[in-house]
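Chains as they are written, first to last, in numbering that gives the first Met the number 0: chain A, 0 to 327; chain B, 0 to 327.
One should not assume that every hint holds.
Any copy, or any two copies together, can satisfy a pair, since identical chains are not distinguished.
Unchecked claim - Under the rule of at most 25 Å between Cα atoms (straight-line distance), these lysine to aspartate or glutamate pairs were calculated in the DMTMM-like manner: (1) 325 <-> 152; (2) 218 <-> 239; (3) 299 <-> 78; (4) 91 <-> 152; (5) 297 <-> 201; (6) 26 <-> 239; (7) 54 <-> 243; (8) 299 <-> 276; (9) 323 <-> 152; (10) 297 <-> 78; (11) 297 <-> 86; (12) 299 <-> 36; (13) 26 <-> 229; (14) 130 <-> 50.
No lab work stands behind these hints, which were simulated from the structure alone.
2 protein chains.
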Amino acid sequence: MSDTLYYVGLDVGGTTMKAGVVDDTGKPSSSVSLPTEPHRGQEFGLERMCETIRKAVATNGLRMEQIAAIGVATPGTMDIPGGLILDPPNLKPWRNVPVRQHVQDAFEIPTAFQNDANAAAYGEYWSGAGKGVHSMVLFTLGTGVGGGIVVGDHVVEGEHSHGAELGHMKIEMTAPRLCGCGRYGCLEAYASATSVVARAREALASYAAQSALGALAEKGDALTARAIFDVAAAGDALADRIVEETAYYLAIGTTNMLHIIDPNMVVFGGGMIAAGEPFLERIRRHVRRLAFPVPAEKAKIRYAQLGSDAGFIGAAACARQLHKRKSS
Amino acid sequence: MSDTLYYVGLDVGGTTMKAGVVDDTGKPSSSVSLPTEPHRGQEFGLERMCETIRKAVATNGLRMEQIAAIGVATPGTMDIPGGLILDPPNLKPWRNVPVRQHVQDAFEIPTAFQNDANAAAYGEYWSGAGKGVHSMVLFTLGTGVGGGIVVGDHVVEGEHSHGAELGHMKIEMTAPRLCGCGRYGCLEAYASATSVVARAREALASYAAQSALGALAEKGDALTARAIFDVAAAGDALADRIVEETAYYLAIGTTNMLHIIDPNMVVFGGGMIAAGEPFLERIRRHVRRLAFPVPAEKAKIRYAQLGSDAGFIGAAACARQLHKRKSS
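Required output: the full structure, derived from the provided sequences and hints.
Rendered as structure tokens:
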């Protein structure tokens with residue numbers, strides 16, 4: 000029998016859950032995805048989690064006895080130290096689900112529990128964009144803006160499981176936009192994919208010249224953040240303005256993290272990273288103007304590297320951390 | 000000879016430096032202050048630091064051999080791991096001053112080095128308002144807005160000595176105020192004592208009714224943040240508006256820290272705390288509206304307790320941390 004240490008990470012999302020085995024060096028093997036189907040209830044959900052973990056281990060030709068620890072990442076709201084999902088908007092009708100205890104009892108293997116965005120940050124820190132740095136901040140750009148902070152192998156999860164809710168830092172007081180959280184002025188209300196589309200629709204309404212965004216807007220679902228970035232890259236002036244403003248908003252968020260955490264690296268993940276290096280360069284340009292010279296020059300600004308695997312890899316990293324603590 | 004462990008903390012400011020002995024439980028004994036006189040040059044300054052430390056030890060009837068470690072806190076800019084003051088605006092003409100090495104060589108005692116606001120936060124965490132909590136954020140309200148973050152006995156000093164520069168988080172984009180740092184939209188530009196006075200002068204200029212602030216403004220130096228808070232407490236409507244807005248700005252800063260660090264406690268220090276409990280209650284009220292319900296309800300919002308001793312006590316806490324690391 001090999002001495003290699005293996006960990007299983009499970010990333011539970013509103014639509015699918017994904018599990019994979021990761022070795023002690025952070026190298027993932029092939030992963031398994033199953034539909035979450037939250038409407039079938041939380042008992043079903045807990046069993047589905049175990050099934051996904053079991054399949055991930057079997058797919059890789061391993062036995063459960065070879066797994067040193069398991070990590071599970073879920074969306075909030077949650078009680079991280081308690082191992083509970085509380086009242087997650089993306090997993091209705093689940094409520095107060097004892098995820099960690101259930102998984103740990105099912106397999107009799109030590110199990111770690113973490114918020115999904117924190118896990119993604121820890122995954123990128125362990126074996127993605129942040130590999131080798133001491134501290135890293137992640138912004139994930141999707142329907143919302145998620146975040147994770149890792150400093151010296153410590154995930155900043157906060158005392159009440161609200162650490163690194165970076166989409167909900169306030170960046171505007173005079174004319175604050177309404178955020179998906181029901182409050183005003185949050186970064187997410189400016190820089191999420193959803194907000195990019197909302198801002199494009201508003202800009203179109205008062206735009207006199209021609210823009211390729213007009214035709215997209217009339218087709219309903221065709222006006223996506225991705226389409227706006229594509230049209231901007233093709234030279235559309237209005238789309239370019241929306242993209243430039245998005246870079247500015249993200250630079251404000253980045254600057255705040257440089258002045259609060261002062262990490263080695265700020266990483267952007269999520270669908271918007273398809274915009275490529277030119278978009279990152281726009282963010283960097285604004286940061287150089289907005290931030291103190293030293294962190295603006297020294298902090299690296301990069302894209303995430305693990306894609307949608309970051310969550311399960313980070314969950315496995317949490318499992319590894321738990322295992323190392325128990326072994327030391 | 001007693002087994003008690005003693006540490007010396009030295010807090011270097013632009014006008015005076017203050018040193019005191021602190022025991023292993025965080026209890027400070029009497030302190031010594033000497034003028035910094037930065038204009039006399041950095042060689043003089045380094046010798047003055049040693050003199051202040053020596054006097055603090057002698058005043059308390061101790062010998063240097065009884066000191067387990069020394070901690071020195073200074074204003075920025077600085078290289079914390081390198082033990083250097085770089086180019087501090089409040090200590091001109093000092094430049095690239097090897098503070099830690101000099102003090103350590105002079106006494107042959109292990110010496111720690113920290114930013115003054117970080118040290119103040121660590122002091123309040125160790126033996127002031129934050130005693131017993133796991134994590135704490137400090138805002139110091141003076142000429143500027145300083146900050147410190149402590150999570151699990153770890154001071155968030157950042158990778159480039161720019162951690163917890165909380166006065167320079169951006170909170171406004173549409174009509175951003177000019178900050179003392181030369182950039183725009185920083186919290187400091189809204190909520191420092193200096194900014195409170197500037198905002199009061201602006202408000203007076205467009206205020207039609209009578210306000211007691213008018214007479215103060217004509218007397219030049221009489222319009223201070225303290226005076227504005229006093230006049231507000233006496234019922235002046237315009238002054239009350241300025242105070243209320245200040246509470247709102249600080250609540251924005253607090254909310255951002257609840258959503259980024261999610262600490263057990265947020266502490267306010269500096270001259271403005273003379274405004275007392277009613278001002279803190281105004282901040283809390285805004286936070287309950289601005290922040291997520293769980294951290295808004297659970298995080299304690301308090302005033303600092305150590306006054307101008309926080310810096311040297313925190314510097315001593317850094318000395319203690321260094322000693323414990325070396326001993327373990």
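Against the structure, the hints come out as follows:
For the identical chains of this complex, residue 325 and residue 152 are neighbours both inside a copy (16 Å) and across copies (21 Å), given an alpha-carbon limit of 25 Å. Proximity of residue 218 to residue 239 under the C-alpha cut-off of 25 Å is restricted to the intra-copy arrangement: shortest distance 20 Å within a copy versus 52 Å between copies. Taking the closest pair of Cα atoms, residue 299 and residue 78 come within 25 Å of each other only across two copies (19 Å); inside a single copy the shortest separation is 32 Å, beyond that limit. Taking the shortest Cα distances, residue 91 and residue 152 never come within 25 Å of each other, neither inside one copy (32 Å) nor across copies (38 Å).
In the homo-oligomer, the alpha carbons of residue 297 and residue 201 never lie at most 25 Å apart, since the shortest distance is 37 Å inside one protomer and 38 Å across protomers. Proximity of residue 26 and residue 239 under a CA criterion of 25 Å is satisfied in neither setting, with 38 Å inside one chain copy and 60 Å between copies. Taking the shortest Cα distances, residue 54 and residue 243 never come within 25 Å of each other, neither inside one copy (44 Å) nor across copies (58 Å). Only within a single protomer do residue 299 and residue 276 lie at most 25 Å apart by alpha-carbon distance; the minimum there is 13 Å, versus 42 Å between protomers.
Proximity of residue 323 and residue 152 under a CA criterion of 25 Å is satisfied in both settings, with 12 Å inside one chain copy and 21 Å between copies. When the C-alpha separation of residue 297 and residue 78 is checked against a cutoff of 25 Å, the pair qualifies only between copies, where the shortest distance is 13 Å, while the shortest distance within a copy is 35 Å. In this assembly of identical chains, residue 297 and residue 86 lie within 25 Å of each other by CA distance solely across copies; the values are 18 Å between and 40 Å within a copy. In this assembly of identical chains, residue 299 and residue 36 lie within 25 Å of each other by CA distance neither inside one copy nor across copies; the values are 39 Å within and 39 Å between.
Neither within a single protomer nor between protomers do residue 26 and residue 229 lie at most 25 Å apart by alpha-carbon distance, with minima of 33 Å and 62 Å respectively. In this assembly of identical chains, residue 130 and residue 50 lie within 25 Å of each other by CA distance neither inside one copy nor across copies; the values are 31 Å within and 46 Å between.
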